[in-house]
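Since each chain comes alone in its own frame, lean on the hints to assemble the complex.
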Amino acid sequence: MSTKLKDLAKKREILESGHRMCAGCGAPVAVRQILMGAPDDVELVIANPTGCLEVSTTIYPFNSWNASYIHCGFENVASTLSGTEAAYRSLKRQGKIEEDYRFVAFGGDGGTYDIGLQALSGVLERGHRMVYVCYNNEAYMNTGIQRSSATLKGAWTTTSPHGKESFGKTENRKDLTGIVAAHNIPYAAQASISHWRDVVRKAQKAFEADGPSFINILAPCHRGWRYPMEQTIELARLAVQTCVWPLYEVENGVWNLTTKVKKKKPLEEYLKLQGRFAHLFTEQNQEALQSIQEYVDRDWERILRLCGETEE
Amino acid sequence: MALLESKTVALVGNDAVAEAMRQVNPDVVAAYPITPQTDIVQTFSAMAADGLVKTELVNVESEHSAMSACIGAAASGARVMTATCSQGLALMWELLYIASGLRLPIVMPNVNRALSAPINIHCDHGDSMGARDSGWIQLFSENAQEAYDNIIQAVRISEHPDVYLPVMVLLDGFIISHAVDRMDLMEDEKVRNFIGERSEPYTMLDSKNPTCVGPFDGLYGYFFEFKRQQEEAMKNSFQVIQDVGKEFEKISGRSYGLFQTLGMEDAEFVVIAQGSGAGTIRHQVECMRSSGIPVGMIKLRSFRPFPAKQLVELLSGVKAVAVFDRSDTFAGGMGGPVFIELRSSFYEQEKKPLITNYIYGLGGRDLSIALVKQAMQEIHEMASSGRVKQMVNYLGLKE
Ligand SMILES: Cc1ncc(C[n+]2csc(CCOP(=O)(O)OP(=O)(O)O)c2C)c(N)n1
Ligand code: SF4
Ligand SMILES: [Mg+2]
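Chains as they are written, first to last, in the working numbering: chain A, 1 to 312; chain B, 1 to 399.
Chain B extracted, bound-state conformation (with noise of 0.2 Å):
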């Protein structure tokens, strides 16, 4: 294929992660490692030290201070990078918002893993489920391919004019970021161009033009108005994600949006799911629809933004929907946050498919075939009978 010019390679999703930092080529990476993330820092610092980026790598104590530096770097007109996952990720969060508060660009693979206690280096999404009011746009992957390809397109979602906002580039602990992926590489120069130069209207380096950054917002201020803005730039990156993942298909053959279908054009009761966890449900979903059974599934790439409107007018005609969460928000039985906020998307709607919940996979705990089997059988039984059996479905205890 002459005109995509990729290159097909065998990579654990970290190293497709540090290769896309070295395609990105950002001006500043300050990083600390963490389990399951470790390999991009070391992968990267090894890039810089052959010399492969012209990146400025600070090799920071913390995450705390990862992030603060990536602000002050971001904040005076450099592309900017950082990883992390789970402890690290709940020790930058404070800053999180004021990333996201400052309107910088900032793109960060978070390589999810469970939050202690009990300590886990497993995979779940309970560490950046924790993130999802902190006004960051959040892009799941369901494998290393998909953590390349949104790492790049992160960069250009971030700084679009109508966006500037940070974007959190999910991908699972251990099962992507340490299993071995068939995957196509970009040529640099293909990546180079789609990403551009960045340009920013503020920095702090323009002397020409001293620009204060962060200041205080008095009683009488405006912190009203910076986060209805926020929030309206929120609601712009839903065009801008859609836009910038058409183009990235032009140049890679790989297309992308808020969401990936299957079978939706028949299907009566479809299964929501996110991460890694959606290859082996559609396996699933596949050998059931090759039986005839008219199942469907929806594999959520942007949480944030949460694309409400367009899930309800696929859905909204099914006679049952399943969410697979992989975390939990202990809220007393009102189950995981992306069944949370499908649930409550049909509130107006009058046509509404039955919703069931299963919660899974917590603290790296498998998702066999045998388990997607059985819940798919109890969703199947929900749709034909008409009626919930039970709301949250935690599937795969061993209690």
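Same shape as in the complex, but just chain A (with noise of 0.2 Å):
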């Protein structure tokens, strides 16, 4: 399948422009760069859990997806559309169906890596044919920008906020591709909206996938991360760049770096940008920011291992 842009600009549109989320909102750039890797000729059933995208592209009576869709709560996206892939399986085996559907789930960071979770786990080993998208920005924005297990360390939230004791989130993120990856599922993968082909590819790989697939896209959110908004993906490629968030694929078990960092930039390039990362930039915050560091550095290295490379 085709990543040229002249043929993706010919591709419909699944999520219409008129929605409400933010401007400069990474999280329907992402949705349209997954959904330009759909097959042309299939349905689609798109589900969201309770979150950002959810409210702002369904305000009843209006609606923004140009394809059937189901929002049921906020932990269960994953087992709603196993429902829906199952009763597809059924009427389709009874020749009630005729069209051939595929089913894409875009949960946020909250609804997929905490209390989401279980839901995913349960339908990544039953193994139902789905597209599971985790639009990563890193918090809770829709209920005021709460803390995640995706949150990075030292990162201002609403719930982990700095002070004279505290210089944000003190945890380490969980590492949920890792932990999908684990399910031994046919595709699970990394990306960034700042790098569009890629992810063009690797939805079309989810897509063909005979079983479930998995994608964590950073999808940046100027609300909650405190940017100017016209820097979404200039954010996203730095978080690339700095290998904060390494861009790689599992297929099949195999694990595959997809972007090579030839020179690894300073953390501090990036999270400088950001307001919800200002307060490292005090002396008294130097240790907290020296870990955050420490921590990109080793993980970028145990992806590496993973992936069969070495750092130049």
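In case anyone wonders, no lab produced these hints; they're calculated from the structure. Every residue gets a Cβ at the ideal spot worked out from N, C-alpha and C, and that includes glycine. Hints should not be assumed to be uniformly reliable.
Unchecked claim - Simulated pairs of lysine to aspartate or glutamate, EDC-like, Cα-Cα distance not exceeding 16 Å:
#, chain 1, residue 1, chain 2, residue 2
1, A, Lys-205, A, Glu-251
2, B, Lys-208, A, Glu-43
3, B, Lys-208, A, Asp-41
4, B, Lys-227, B, Asp-162
5, A, Lys-96, B, Asp-206
6, A, Lys-92, B, Asp-206
To be verified - With beta-carbon atoms standing in for the labels, derived distance ranges:
#, chain 1, residue 1, chain 2, residue 2, range
7, B, Thr-8, A, Arg-93, 30 to 38 Å
8, B, Phe-224, A, Asp-175, 39 to 47 Å
9, A, Glu-98, B, Asp-243, 29 to 37 Å
10, B, Glu-341, A, Ile-179, 44 to 52 Å
Shown next as structure tokens:
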């Protein structure tokens, strides 16, 4: 399948314009890039858990989705869509449906890393054929920027505020992509909206996978990260270049680094642009800042090892 | 009886439920085991493994996911069932409201079991009573036969265009689920014809008409109207439950309505009960009636919707009513849920009976004939004296 712009430009838009996401939000960019990877000859059912994307794209009686859509609860998008997928298999087997359908869940990091992890794990283990996309903005944005287990250490959020005794979130984030890959599903990947061709290619593979597939895509939120809205793509790119968000895929158990980083940029270049990390650049928080860089270095080396690469 | 063409068998309640599920042959079943419901899932899994059903069986990792998957499947036009009880039903709680709010016809047997703590696997109605405001129709069963019959009728009731609400079929844990009962099974063909095919105006798997299910109701939305219409559907279900019951009688010979009565033509005092306890109480009522005591009985089948109007009509002429509740509301002396609702139904009535409440059988405490006898004597005295001695009574406590 093509990832050429001239071909992709011809594809039908599933998420129509006119939705109410903030201008400059990374999430709808992620959705559109992922859906560019959907085959043309299938019908889609889209599902969201509760979160920014859901509340902003389906404000009754309006609806921005050019496909069937379901929102059920916050922690159960995976299990809800697994029911839909099961219904499809049942009705298809009985000859009651002719078309081919694909099922796509777009869950926030809160709905995926935290409260929805059990339902996701169940779906991955049961092998439902669906593309699960975590649009990751590293916090609960819809409810006003609370920490999630995807939030980077040191970040200010409304539930991990910095103060006299705190440098913000004290814990490192959870390695969700690794947890998903440990379910031995056909396809899992990390992506970033700055690398659109990489996203489309990964989405194409995810749609092709005959079973569950998973893409964890970094989708910055300027409201929560505190940067000027026009810098969303730039921040997504810096996350890759500083190796805080490595791009890789795990295809049938084989790890593969999809974006090599020739010269890793210092983490500070990424953190400095964001208000949520501003407090780290003080005398008091030097040690914390250092520990975050160390975590990123360690994690990057781990990914390189898993992908059979060595640092240049 | 050639007309009815049934087969008399001896089955435990759970197997009767599984048999009804096999005959309904849902497109999707998503379920999770919990005592005393487990055998339903196991037996149905064996049926699926033997190819006896066309069902896509989803062995979910929790009841929360069971109901979520049922919602996702029902919104896709599939006929869907699950089964649960107690902690499992409690875990489904938020999804119960979503299922009914989305107006999805899901049928769910709930094998009534006490809710923790203390953890207890035996029967009471505290689990399903906790879901009484969730917008589900709730039908009680007295025995395996009724559980079986209720499930078949529930499919028709929930899918009726005037209703489109999920239905819970209640059967008492162990007392019904694990006890062998003599009952009649209908032929597959007859059940199939009775329930027909599911047809929905909207499904997510209609490519010509993509459907948005569960959109966000913004600040200026229609939440209030949706909820009012849900109540309207519940009101409509009074008629539908009775109509489906009549139609079911034609093919089975067994009649079903909102409740069943005994001796109401001359009763001076009346006992109301639901579930298996009604059997024990009926025995005592019959004994007393044969010795000339004017006692009557109402076995409530439909708790949701609550047939307040019909019950008031039936009871406003009697002297005393005792409501048996197999759960408590912990409201600080208000009594059990059926009692509270019946009592409030009489508020505007000038002519009303004395009403008293017996809370019994929590956590599976046995309802013996002796206990029923004791309660009956008290109610009889209440009817004669014209005075309620104690509004809420706990029957069979050890303390
Ligand atoms: C069971 C439950 N708990 C809490 C909430 C409140 N809630 C709604 S959305 C949300 C956070 C969403 O965060 P995320 O999944 O990261 O999506 P985002 O809004 O960031 O896109 C929370 C906490 C809820 N709706 N349901
Ligand atoms: S708050 Fe953040 S995630 Fe939500 S719509 Fe706005 S920019 Fe996007
Ligand atoms: Mg988020």
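What hint numbers does the structure not satisfy?
-> none
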